[in-house]
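Asks: One letter stands for each residue in the lines below.
Protein chains: 2
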Amino acid sequence: MNTQLRLARRPSGEATVDDFSVTQETLPTPGEGEVLVRSHYISIDPSSRTHWNDGESYRAMVAIGGIVDVGVAGEVIESRHPGFSAGDMVVGGVGVQEYGAVPGDSLTKCDLSIAPLTSWLGGLGITGLTAYFGLLDVGDPKPGETVVVTAASGAVGMVAGQIARIKGARAVGLAGSDEKCRFVTEELGFDAAVNYKSDELYRDLKEATPKRIDVIFDNVGGPLLDTLFRRLGMHARIVVCGATSQYNNDRIYGPTNYLALATMRARMEGFIIFDYADRYEAARTEMAGWLKDGSLKLRENIVDGTVEDYPNVLHRLYQGENTGKMLMRLPAAGA
Amino acid sequence: MNTQLRLARRPSGEATVDDFSVTQETLPTPGEGEVLVRSHYISIDPSSRTHWNDGESYRAMVAIGGIVDVGVAGEVIESRHPGFSAGDMVVGGVGVQEYGAVPGDSLTKCDLSIAPLTSWLGGLGITGLTAYFGLLDVGDPKPGETVVVTAASGAVGMVAGQIARIKGARAVGLAGSDEKCRFVTEELGFDAAVNYKSDELYRDLKEATPKRIDVIFDNVGGPLLDTLFRRLGMHARIVVCGATSQYNNDRIYGPTNYLALATMRARMEGFIIFDYADRYEAARTEMAGWLKDGSLKLRENIVDGTVEDYPNVLHRLYQGENTGKMLMRLPAAGA
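Going line by line, the protein sequences match chains A and B. For my numbering, count along the first sequence from 1 and bump the result up by 26. For my numbering, count along the second sequence from 1 and bump the result up by 26.
One or more hints might be untrue.
[Said to hold, decoys possible] Restraint ranges, calculated between C-beta atoms of paired labels, are given here:
(1) B:223 / A:80: 23 to 33 Å
(2) A:347 / B:168: 43 to 53 Å
(3) B:304 / A:35: 56 to 66 Å
[Stated by the list, open to error] Per the computed footprint, the stretches of chain B lying under chain A, defined by three or more beta-carbons under 8 Å from a beta-carbon of chain A, are:
(4) 45-58
(5) 294-303
Honestly, the hints are just simulated from the structure, not real lab data. Where a beta carbon is used, it is the ideal one built from N, C-alpha and C, also for glycine.
The shape of chain A in the complex, shown without the other chains:
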């Protein structure tokens, strides 16, 4: 049998257990070109919440009754696609379920000699690629420039800041506790970190960005972004990667200091990672090199659970308990 988590209704505010239903079905049979995957790790991403709303987005919303669509790392059980064989380890959009039959073309085979399976869902997965292309293609930091990353101890932020440093920029991380700030500077090597819960946030930010800010890589949004706008440098670039502080709100908080875009001749720009699919492999190769030479460090926060636990694990992410890429390990991973 296959246990699955489905969206039961559109959440209002933060999703709760009642917004989902757990179903059981017989194991799916892969069709032509499909692969049957057994899920080992479920990706826990704040942005998943945005797929459960009504309305338009860059991707189809999860339908009521649909499987909760997240990234999964797992093992190929049966393949009807020439690129995969039973026993291969893969990542792809299997969703919150124990097994999924998905198109082989949507899967990535994981070379575990480069990095462990969990990293293929984190730093070498969509999370890390989002940091890579968002920072380098949209933010385009130059050596010596100052890059500020919000949610710097989170899955995307930790990679974005390290890449900024690798490319010769000054990386300043914003995080929600002194412990996370220490992680960002001492373990990841950011040049500075600021606790955004500080009573003297602007003062601390100013101290950490003596030459103002050239690139904001923003994962958080909300009033924090207003504060960062006050510190923009000339011709600054703001990369709109996400807005975790706003995903559970019915009404998004807009950046009230956006007129600084004019004052500072700055631009704010968004992107969707799927547009870069034909460059994923090249990016992964470059990132694998950084992993090997130690200039890029990854951290995963692995929580054990079952399909039914997903809503509660996501809640912990939103409580700010997480550092690094958060994953839920299913019992299958230990088998």
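Put chain B on the given structure of chain A with help from the hints.
Replies: Below, chain B without anything else, positioned relative to chain A:
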């Protein structure tokens, strides 16, 4: 004697007469390199309000007790600058006063064979140049694309929309009354206009932008911008030119739909017109050609008044009474 309008205190909300003081001084004497100008027309600009706040901006704020700093068209009375002679007609930042001694290098001599003096403060002045560079350099519309201009019947908007059309784009204007919408389409030749006070604003906007929006040239900000963001096309550009709806507010309304920048791979970008100073002349030459061949039409709304009347005339602009470039004509212009 020289009658002058000075900032008496920092306004809270919309500026009132009590925020200003009227002073009288003997005529200033131009120093070396300076020119004594007699003001004929005072530029009435919504953005002037932003220079009366405390704090940082792209330019120095008007100090308490300082002359209210706006653009003026007038006549050279005495020149100690080799580029000007008595009798020349000029535009420059003389401020709200009957006479000003200002650096000759800050003035532009007006060739009245190209356009009347009032146009040199409007379409050929900073207002028109703002439309020109903001639209072409920041918005960069391609032939066939859809350009939406807010405050389309205003000084900057009317020029921006016409230039969009001249460059082969579809120009859609947003304005605050049916009469202004008619002006925009029938007199200026925009392809369509939408009354932003419509009860069915989004429906009307959708109808006017069947291929969605490629460029927003925004002068207004506020909730109207939220509605426009819902209609963004892929890779859209939002030109942050101004936010007239917000200048009188203590707290700026931020665009709550800004995450559409990611969904639509769009960018929002600001600019400051003074950065383009070395291209003003080339732009004026091109615009003069459009004026001559009739593809660019200018409209000025000229209100008679004296230095003391400035706050009340500005109030009328904020009341939405204006169509075209608003100017206050001083008695000197009729002399």
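Asks: Would you mind marking each hint as holding or not holding in the structure?
Replies: These are the hints, each one checked on the structure:
no. : hint                      : result
1   : B:223 / A:80: 23 to 33 Å  : holds, 28 Å
2   : A:347 / B:168: 43 to 53 Å : holds, 48 Å
3   : B:304 / A:35: 56 to 66 Å  : holds, 60 Å
4   : 45-58                     : violated (count 0)
5   : 294-303                   : holds (count 6)
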